[in-house]
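Going down the list, the protein sequences come from chains A and B.
For the first sequence, position 83 (counting from the first letter as 1) is numbered 83 according to the UniProt record's numbering, and the numbering increases by one without interruption.
For the second sequence, position 149 (counting from the first letter as 1) is numbered 149 according to the UniProt record's numbering, and the numbering increases by one without interruption.
Everything labelled a hint here was simulated from the structure, so no lab data went into it.
Do not take every clue at face value.
[Stated by the list, open to error] In silico lysine to aspartate or glutamate, EDC-like type, Cα no more than 16 Å apart, as pairs:
hint : chain 1 : residue 1 : chain 2 : residue 2
1    : A       : Lys97     : B       : Glu349
2    : A       : Lys13     : A       : Asp223
3    : A       : Lys63     : A       : Glu34
4    : A       : Lys137    : A       : Glu175
5    : A       : Lys23     : A       : Asp11
6    : A       : Lys13     : A       : Asp27
7    : A       : Lys13     : A       : Asp31
8    : A       : Lys193    : A       : Asp223
9    : A       : Lys152    : B       : Glu349
10   : A       : Lys112    : A       : Glu175
11   : A       : Lys137    : B       : Asp16
12   : B       : Lys10     : A       : Asp31
13   : A       : Lys193    : A       : Glu175
14   : A       : Lys152    : B       : Asp215
15   : A       : Lys80     : A       : Glu65
[What the hints assert, rightly or not] Stretch by stretch, here's where chain A covers chain B in the computed footprint (C-beta under 8 Å, at least three residues):
hint : stretch
16   : 124-132
17   : 213-220
18   : 224-236
Every residue gets a Cβ at the ideal spot worked out from N, C-alpha and C, and that includes glycine.
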Amino acid sequence: MSRQSGEIILDLKNVSLSFGGVKALTDISFDVREHEIRAIIGPNGAGKSSMLNVINGVYRPQKGEIILRGQHFSRMNPYKAARAGISRTFQNIALFKGMNVIDNLMTGRNLKIRSNLIQQAFWWGAARREELLHRAKVEEVIDFLEIQHIRKTPVGRLPYGLQKRVDLGRALAMEPSILLLDEPMAGMNVEEKQDMCRFILDVNDQFGTTIVLIEHDMAVVMDISDRVVVLDYGRKIGDGDPDAVRANPEVISAYLGASH
Amino acid sequence: MLYRENGQFKTSYAADQQIFPIAQDRWAIFGLLVVAFIGVPLLVDEYLLRAILIPFLILSLAALGVNILVGFCGQITLGAGAFMAVGAYAAYNFHIRIEGLPLLVSLLLGGVTAAGVGIFFGIPSLRVRGLYLAVATLAAQFFTDWVFLRVPWFTGHASSGSVSVSNLQIMGWQIDTPVNKYLFCLMFLTVFALLAKNMTRCAVGRQWMAIRDMDVAAEVIGIRPLFAKLSAFAVSSFFVGTAGALWGFIHLASWEPAAFSVDRSFQLLFMVIIGGLGTIMGSFFGAAFIVILPIALNQFLPAFGALFGISISTAGVSHAELILFGGLIIFFLIKEPHGIARLWSTGKEKLRLWPFPH
Ligand SMILES: Nc1ncnc2c1ncn2[C@@H]1O[C@H](COP(=O)(O)OP(=O)(O)OP(=O)(O)O)[C@@H](O)[C@H]1O
Ligand SMILES: [Mg+2]
């Protein structure tokens, strides 16, 4: 990979998170550079999803801090994270089931809405202009993800692979600077995986979006990521470029250990 | 003409974002408005206006409000009756205490007051949901029941909260005959329905639905639950409160707290469940159904029973009504949570494909 990675944009320092007695994360530090694709891998229950939840403030770690573009957060919350340009997709698709594809993507524009309730109630002035403006933006995302044919379909009726794609679309509609993807290819067939890979690379390439990616498919991870963090039982056991990580004995034994 | 959208190509997003993107629907609504505003006042007799149409209009407005909260934002409420009461008594206070305040302003201020009270009782929704929230809103019901019965200041020192208004007019237009009352309520409902439709297709409506469907994901894209939920409580209570003010001022003209009891709260909730949660149309279907059903049963059930030699008393009819409601609610909750409105739209979808269903 010859992509240019930039400065450190996101830095996690000594993060520990536990649920009651369960230690999900123990003293984890790692950083993410601008424009890179940063993968997080590890066996089931290693704490990968928890890591993303800490980054965008869904979970509050007991210890540690998050430094985002030089700004220190000891308590992140989802709203602050969204404001700061972090968006994400979910391991178990978390779309808004009662809404169609367009409306799901339109919710991604929420933070950019300036008109107030009264203007919206009267479909008047700024409210009307904004609806048009954001609709045009959302249509760009729809074109990008090649989901024109389902734009009016309620998301609950879509097959799994397309739901995953809409989930990505909603995150993209936020025009994030950092995109967190939690197993975007899980449960997909080969063709769908290839599409998804292409979208992720294109997002990274065209918009310069920094991507933090959790993925189980080693071939994919090794192929598209710039650097990889390996977690096991909530601890970091490896960190570096794909080749280094692949050669790391601890990583090999964790994976061998997990596979039987 | 077939019911089709063929050939109606949208060349701009603005055209696609219209309330009724299909031309036939636009004509149907236009026709309906013409009938409602011109046809009905000319053709319908006073009894029908008083007993069915006026209650239908006002309860539709209230159901719209309840639907915004329950259907669009997913927050359960058993306090709709309370917010109607707040709207009615607040409007009454503005009406009698402020000399020369236009009627329209009093009614709307009733709604605004209800919105404020709604926000207050909506605060628990930030912490609890489902059954617990239902109980919290039920508290609003019992609290207002008590306040309007026991605190004389709110009811102009009328005994046991029974108050009345008379001589209502707007800029010289007397709202005294059933036709005028009907038109007055119809105007309210038309405007409010339009506002509701606009809100639900705009950012705020999407915030409500996002909170309803998946609150964690909603937060992650930057929707603040505090604002989304409390704005739903406010708008909902504003609608319900205005409906309450109309119910008191226009429909009843004199009323007491019992007019807005917990029964009313349940009735409104039933309306949106049967009519269709999360659709504007559903609020109308539900209100129509619940207003008409008892009257229809009263008319037909005794005659129907007589066919089989069974005599059915008035009490029997009202029991039958409860049984039927209960059964329908269970049916809709299990089988068709989107209510009559969904049956309607499925029907339309079939019609769009008819006569070639493949
Ligand atoms: N909300 C929660 N409450 C309690 N325990 C939790 C919660 N979230 C995660 N955990 C626990 O934290 C640990 C790490 O879970 P996490 O979901 O982060 O793993 P993961 O690496 O994403 O696994 P998978 O590959 O299965 O998605 C697990 O033991 C899990 O049971
Ligand atoms: Mg996970």
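We went through each hint and held it up to the structure:
no. : hint                    : result
1   : Lys97(A) <-> Glu349(B)  : violated, 20 Å
2   : Lys13(A) <-> Asp223(A)  : violated, 27 Å
3   : Lys63(A) <-> Glu34(A)   : violated, 25 Å
4   : Lys137(A) <-> Glu175(A) : holds, 10 Å
5   : Lys23(A) <-> Asp11(A)   : violated, 21 Å
6   : Lys13(A) <-> Asp27(A)   : holds, 8 Å
7   : Lys13(A) <-> Asp31(A)   : holds, 8 Å
8   : Lys193(A) <-> Asp223(A) : holds, 13 Å
9   : Lys152(A) <-> Glu349(B) : holds, 14 Å
10  : Lys112(A) <-> Glu175(A) : holds, 10 Å
11  : Lys137(A) <-> Asp16(B)  : holds, 15 Å
12  : Lys10(B) <-> Asp31(A)   : violated, 47 Å
13  : Lys193(A) <-> Glu175(A) : violated, 23 Å
14  : Lys152(A) <-> Asp215(B) : violated, 22 Å
15  : Lys80(A) <-> Glu65(A)   : holds, 14 Å
16  : 124-132                 : violated (count 0)
17  : 213-220                 : holds (count 7)
18  : 224-236                 : holds (count 3)
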